[in-house]
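S.K.: What follows is each chain in one-letter form.
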Amino acid sequence: MKGSTAHKILVWAALLLLAGAFGYAGVSKVLDPSEFQKSIDNYAVVPYPVAAAAALYLPYLEITLAVALLLPMPALRRPAALITLGLMGVFTLAYISTLARGLNIDCGCFGKASEGWPAWAILLRDAVLLLASGLVLYSTWPRRRLNNTSSPSL
Amino acid sequence: MARARFFLRTWVAPVLILLGLPVLPAVVAGLAHPKAPAWKLPELGEGELLLKEVLAWPKDSYIWVDARSEEVFAKGHTPGALPLNESSWDTLLFQNLETFSGGKKLVVYCDSRQCDASKGVRERLLADKVATEVYILHGGWQELEKSALVREGSR
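Note that the protein sequences, when read in sequence, are chains A and B.
Counting in our numbering, the first sequence tops out at residue 227, every number present.
Counting in our numbering, the second sequence tops out at residue 157, every number present.
Calculated directly from the structure, the hints in this document are not laboratory data.
Please note that a few of the clues may not be correct.
As the list claims (entries may be wrong) - Pairwise CB distance ranges (calculated):
1. K37(B) to L172(A): 54 to 64 Å
2. K37(B) to R174(A): 25 to 35 Å
3. M3(B) to R216(A): 33 to 43 Å
4. R126(B) to W85(A): 28 to 38 Å
5. L26(B) to G162(A): 44 to 54 Å
6. Y211(A) to A129(B): 50 to 60 Å
7. A173(A) to R126(B): 24 to 34 Å
8. A4(B) to L144(A): 49 to 59 Å
9. A76(B) to S107(A): 31 to 41 Å
10. W85(A) to I19(B): 19 to 29 Å
11. V163(A) to V30(B): 38 to 48 Å
12. A58(B) to G162(A): 35 to 45 Å
To be verified - Only part of the chain B face toward chain A is listed, based on derived beta-carbon distances under 8 Å:
13. P16
14. A28
15. G32
16. A34
17. L57
18. W59
19. S63
20. Q144
Said to hold, decoys possible - Here are the simulated EDC-like cross-link-like pairs (lysine to aspartate or glutamate), alpha carbons at most 16 Å apart as the crow flies:
21. K37(B) to D105(A)
22. K37(B) to E108(A)
23. K42(B) to E108(A)
For glycine and all other residues, C-beta sits at the position ideal for the given N, C-alpha and C.
Using the sequences and the hints given, assemble the complete structure.
M.R.: In structure tokens:
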């Protein structure tokens, strides 16, 4: 099942979707970190200076993850999938918390390109990216061979 | 021991490498980017007031103006607030024109301290000469929530 053609196609689609989404998100935010800082500040979960640091660091992390996902190196693809899964979990929870608090904000996920998206569309997109991260992580999960070395399927 | 080495080699080290790589470009961007973020909150903008300044006024001398969408307004707003946003400007302004132009101070708020909707509403109210004293609440709805100056809207 894990090695079937359909499974491989699905995993590659998830990989490309994830790398594309994170790469685009990173590049769009690298161009204007001050605008991204406003978006983070609107979530009202971290102090202003932390929002500034996150606004500088996160875009480069997203670009790094996009590159790591595309490189044919399971040793990098695996931790990249893990980190993207963690990041998507945090982003989704943060957005859900704003909805629960009655805040009507733009998620800031893709800079100006994500302005005006309705809440359901943002949550659907997050769910798809979460699933994609999980699928890529599962496919890169190391399996121990008899000689004690690890071998991922992707 | 072998397990721990495997875990370190397979997960910990690569994760730390990936998390560490963006640090240098982030630091360089913080120092050199023309649109680098500010480390301190900006001073009050034009027409902005703190909540405590508004609350110091006599209660019947000002009106709250809610610049968020009608949907969000309906879920909850400050007591006595009137909705007015740029996407339904004509309808909402016409509904309460007498109140808006009745001579009281108008204090506009939107979702947070960084949202631009209240600036747009303030500029239009002044440009259309609807009112002469229009202010923006610094911190917006988030500030009002913290002060418990909110209630559920009618459903």
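S.K.: Taking the hints in turn, state whether each one holds.
M.R.: Outcome of the hint check:
no. : hint                           : verdict
1   : K37(B) to L172(A): 54 to 64 Å  : 29 Å, violated
2   : K37(B) to R174(A): 25 to 35 Å  : 28 Å, holds
3   : M3(B) to R216(A): 33 to 43 Å   : 21 Å, violated
4   : R126(B) to W85(A): 28 to 38 Å  : 50 Å, violated
5   : L26(B) to G162(A): 44 to 54 Å  : 26 Å, violated
6   : Y211(A) to A129(B): 50 to 60 Å : 57 Å, holds
7   : A173(A) to R126(B): 24 to 34 Å : 31 Å, holds
8   : A4(B) to L144(A): 49 to 59 Å   : 27 Å, violated
9   : A76(B) to S107(A): 31 to 41 Å  : 33 Å, holds
10  : W85(A) to I19(B): 19 to 29 Å   : 24 Å, holds
11  : V163(A) to V30(B): 38 to 48 Å  : 25 Å, violated
12  : A58(B) to G162(A): 35 to 45 Å  : 44 Å, holds
13  : P16                            : 4 Å, holds
14  : A28                            : 4 Å, holds
15  : G32                            : 5 Å, holds
16  : A34                            : 11 Å, violated
17  : L57                            : 21 Å, violated
18  : W59                            : 26 Å, violated
19  : S63                            : 27 Å, violated
20  : Q144                           : 5 Å, holds
21  : K37(B) to D105(A)              : 6 Å, holds
22  : K37(B) to E108(A)              : 8 Å, holds
23  : K42(B) to E108(A)              : 14 Å, holds
Hint compliance for this structure: hints 1, 3, 4, 5, 8, 11, 16, 17, 18 and 19 are broken, all remaining hints hold.
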